[in-house]
Every structure is written in structure tokens, then in C-alpha cells.
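**Q** Here is how the chains run, residue by residue.
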Amino acid sequence: KQEVTQIPAALSVPEGENLVLNCSFTDSAIYNLQWFRQDPGKGLTSLLLIQSSQREQTSGRLNASLDKSSGRSTLYIAASQPGDSATYLCAVRGNTPLVFGKGTRLSVIA
Amino acid sequence: DAGVIQSPRHEVTEMGQEVTLRCKPISGHDYLFWYRQTMMRGLELLIYFNNNVPIDDSGMPEDRFSAKMPNASFSTLKIQPSEPRDSAVYFCASSLAAGGYEQYFGPGTRLTVT
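Protein chains in written order, with the working numbering: chain A, 1 to 110; chain B, 1 to 114.
With the rest of the complex left out, here is chain A:
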């Protein structure tokens, strides 16, 4: 059974810092990995989708990498801003639909 773990559970950084969020999964037989953002009381917004054949994806200040063989992904946020404060969720899709991690709650302090 696929299990997804995100470390750290919470993170607080000053504005302008670059940061890395980590995601690990136990079964490397995946189709893709998706990073989401969730604001308090809101739904999930898809940030990046990495197919199993890809190593990384970039969107603006965000860069996500995937190492399928080791069961790891990272989300890199450059020059963090207070507006980046949210919970970031990692999810993997294999033979079953998305399996989610518990998320990392990010606070960017102005």
C-alpha cells in the first residue's frame, strides 16, 4: 500500500528566503506526482504535475523534482513571499488514484 510522507509538518521562514519541502513515497510504481497548495478553509490548487518519466517541472518561482527510484520529490520555492503562506500537499498517482501526504504548513514572515 502506497504511503506518502511529508517533512517537515510545519515551517516558518522570513520573507525572501529560498526553501525546500520534502515528500517521500514507498512504492516507486507511479504514473505521476502532483504538488498542491491549500489555503485555510479552501480547496486544493494544483501547482505542478511531474510525470514518472520526468525529473523536474518549473513554474515561476516553483521547481519540483522527482527521483522515482528513491521515492522522493522536493518542492523548491525561491524568494519566498508572505503570499506563499499555505499548506503544501504532495500526492502520488499509481494504479490507484491519488494518495496524499499530510502536508507541510508554511508560514512566510514579512
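Just so you know, the hints here were simulated from the structure itself, not pulled from any lab data. Treat the hints with care, since some could be wrong.
Stated by the list, open to error - Below 25 Å or equal to it, Euclidean Cα-Cα: the simulated SDA-like pairs (lysine to any residue) are:
id : chain 1 : residue 1 : chain 2 : residue 2
1  : B       : 68        : A       : 96
2  : A       : 1         : B       : 40
3  : A       : 102       : A       : 56
4  : A       : 102       : B       : 112
5  : A       : 42        : B       : 42
6  : A       : 68        : A       : 7
7  : A       : 42        : B       : 39
8  : A       : 68        : A       : 51
9  : A       : 68        : A       : 52
10 : B       : 24        : A       : 47
11 : B       : 68        : B       : 9
12 : A       : 1         : B       : 37
Dock chain B against the given chain A, drawing on the hints supplied.
**A** Just chain B, lined up with the frame of chain A:
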């Protein structure tokens, strides 16, 4: 497209009452998913449909939960009778196909059972 639409956004009900949550997927999407989110357990898949047919309902917690998809543009998740431990946020999501396609989520329904 308006995205995935869910209603109601908030529902407060008393224990024992029937609750019906509704979802309209993105037009043209073949897959529809129902998830539940709690602080303790995070996001869990309850059931998913492909072309209106339930494929996997192993995540449905009990017989009190049922889901239907009568057509490609509408799905319901029903809880009867509801219990306080059902309090959670319920999300609906859809995707174009299986495998490598992105899932799009609705805004969720926050259910409180007193």
C-alpha cells in the same frame, strides 16, 4: 470552464439526519473522485467513478455512506444516518483520464454533525 462545482459549501446537521453532498465535474472529464479531509487522517479517497461507473469504493468508511453518478455531469455522496465523526471537509475532483492526467479539485463541503 467553471471548474469543479460542489454544493453546499457548508452543511450543519444533527446526528441521525441524512446528508447529501453534490458535485458537478469539469465537462469532458471521465473520472470523478470523492475525498474526505480531517485533521487526524488528512485527505483520503472515498470512491471514484470512470464514465459514471463506480470503480473502487474501498475507501467508503461504512454502509452509511453511498455515492452515485447518474450522468456525466452530476454526482452525489450521501450519508445516512450521519454521526459526529463524519464531520470533515468533503472534496470532489475530476480528471480527463487515468494515469498521467492532472486532478482538479472543487472548493469542498464543510460538514458539521452535532
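**Q** Are the hints correct? Go through all of them and say.
**A** A quick look at each hint next to the structure:
The hinted pair formed by residue 68(B) and residue 96(A) meets the criterion: a straight-line CA distance of about 19 Å does not exceed 25 Å. Taking the CA atoms of residue 1(A) and residue 40(B), the gap is about 19 Å. The hint holds against a cut of 25 Å. For the hint linking residue 102(A) to residue 56(A), the alpha-carbon distance of about 22 Å falls within 25 Å, and the restraint holds. A distance of roughly 21 Å separates the Cα atoms of residue 102(A) and residue 112(B); the hinted pair therefore holds under the 25 Å criterion.
With a CA separation close to 14 Å, the supplied pair residue 42(A) and residue 42(B) stays within the 25 Å bound. The straight-line distance between the Cα atoms of residue 68(A) and residue 7(A) is roughly 17 Å, inside the 25 Å bound, and the hint therefore holds. Among the hinted pairs, residue 42(A) with residue 39(B) is consistent with the structure: their alpha-carbon atoms are about 14 Å apart, no more than 25 Å. With a C-alpha separation of about 10 Å, the suggested pairing of residue 68(A) with residue 51(A) holds against the 25 Å cut-off.
Our distance criterion of 25 Å between C-alpha atoms is met by residue 68(A) and residue 52(A), whose separation comes to about 7 Å. Straight-line distance between C-alpha atoms of residue 24(B) and residue 47(A) comes to about 22 Å, which keeps the hinted pair within the 25 Å bound. A C-alpha spacing of about 19 Å is found between residue 68(B) and residue 9(B), which places the hinted pair at or below 25 Å, so the restraint holds. For the hint linking residue 1(A) to residue 37(B), the alpha-carbon distance of about 19 Å falls within 25 Å, and the restraint holds.
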